[in-house]
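Based on these hints, arrange chain B on the given structure of chain A.
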Amino acid sequence: GNSVTQMEGPVTLSEEAFLTINCTYTATGYPSLFWYVQYPGEGLQLLLKATKADDKGSNKGFEATYRKETTSFHLEKGSVQVSDSAVYFCALSDSNTNAGKSTFGDGTTLTVKP
Amino acid sequence: ETGVTQTPRHLVMGMTNKKSLKCEQHLGHNAMYWYKQSAKKPLELMFVYNFKEQTENNSVPSRFSPECPNSSHLFLHLHTLQPEDSALYLCASSQASSRDYEQYFGPGTRLTVT
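Here the protein sequences come in this chain order: A and B.
Taking the numbering used here, the leading residue of the first sequence gets 565, the next gets one more, and so forth.
Taking the numbering used here, the leading residue of the second sequence gets 38, the next gets one more, and so forth.
The set of hints was computed from the structure by calculation and includes no laboratory data.
Quick caveat, the model's predicted, so the values are computed rather than measured.
Using N, Cα and C, we set each Cβ at its ideal position, and we do this for glycine too.
Calculated pairs, DSSO-like style, for lysine-lysine (alpha carbon to alpha carbon, straight line, at most 30 Å):
id : chain 1 : residue 1 : chain 2 : residue 2
1  : A       : Lys677    : B       : Lys78
2  : A       : Lys641    : B       : Lys77
3  : A       : Lys641    : A       : Lys624
4  : B       : Lys77     : A       : Lys624
5  : B       : Lys73     : B       : Lys55
6  : A       : Lys624    : B       : Lys73
7  : A       : Lys624    : B       : Lys78
8  : B       : Lys77     : B       : Lys59
9  : B       : Lys55     : B       : Lys89
What the simulated footprint calls covered on chain B by chain A, stretch by stretch (three residues with Cβ under 8 Å from a Cβ of chain A suffice, anywhere in the stretch; the number is not a length):
id : stretch
10 : 73 to 85
11 : 137 to 143
This is chain A alone, in the form it adopts within the complex (with noise of 0.2 Å):
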């Protein structure tokens, strides 16, 4: 079956500090994969995807690359600010079962302090 391993939370970071959330993947077919973020009191949105092997996928000032070889979508930013808090989700879509449907990673809690 399809499964998604991201890096346990929380990370602590300072405002300016460089972020990398690992996320590495299983799946059966050929996913596309997505980073998902949670802001407090919303619901998920989507951060940015990557739809097939090496694409990067990147969106304010976050990017991840599909690396096939390594079955790894980390999710990195140069400088993080206090707004970036929030919880983030690795997650896969797999044309092998519902299209649509995704697995989700557990969720990693980012706090940046001032």
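Same frame as chain A, but now just chain B:
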């Protein structure tokens, strides 16, 4: 604005009450989902509907009863709940025909069972 709305945003109910959660999507999607998000636990997929047909029920207790009258509306009927059912209930929608499409989430209903 995510295009997915949920009502009510907050609900407090006793264990003998009957209530319903409502979700509506304005995105033209054909798949809808209910998730449960409890504190310090992974996101739990409860039900999946594709083209108004239930395609997945992840061993959810019968005190949770979903209803999908059309592709734009999804309900979760609640009765005789337990305190451990207190959680954030998230609705999401997507295009069922493609793995490349992300899920769009509503803001959630914060449910407290007393």
